[in-house]
Amino acid sequence: MSREQPVPRPVKKSDYVIYFGSRTAEKAWLDLMATRRSDLVEAWEILTSSPLTADARCSPMRKDLAVVVFEGSAYRR
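The sequence shown begins at 30 in the numbering used here and counts up one residue at a time.
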């Protein structure tokens with residue numbers, strides 16, 4: 030590995046893994062990273078450590094957006 034390679038961020042074994050559900054989601058994430066990196070890092074910390082926790086800054090989706098079905102399994106958002 031050369032010195033120019035970024036060091037990957039270590040993760041805990043208990044952390045959740047986030048996958049893009051679409052190219053649109055990936056593009057939106059990259060756009061946010063370009064404009065609001067610090068806020069995105071905070072969101073990442075919440076989403077990977079305790080994604081179902083609700084607080085003043087992070088609340089569950091409602092109505093039709095509350096549940097997503099992926100490969101036959103339903104997940105709360």
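Do not take every clue at face value.
Unchecked claim - Derived DEER-like restraints, expressed as beta-carbon distance ranges:
1) A54 x Q34: 33 to 41 Å
2) A83 x Q34: 36 to 44 Å
3) L94 x P35: 29 to 37 Å
4) G101 x S67: 31 to 39 Å
Just so you know, these hints were derived from the structure itself, not from any lab.
Note that the structure is a prediction, hence the values are computed from the model and not measured.
Every residue, glycine too, gets a C-beta built ideally from N, C-alpha and C.
For each hint, the structure was consulted:
1. A54 x Q34: 33 to 41 Å: violated, 26 Å
2. A83 x Q34: 36 to 44 Å: Holds: the Cβ-Cβ distance is about 38 Å, inside 36 to 44 Å.
3. L94 x P35: 29 to 37 Å: Cβ of L94 to Cβ of P35: about 34 Å, so the range 29 to 37 Å holds.
4. G101 x S67: 31 to 39 Å: With a Cβ separation near 37 Å, G101 and S67 satisfy 31 to 39 Å, so the hint holds.
Checked against the numbered hints given earlier, this structure breaks only hint 1.
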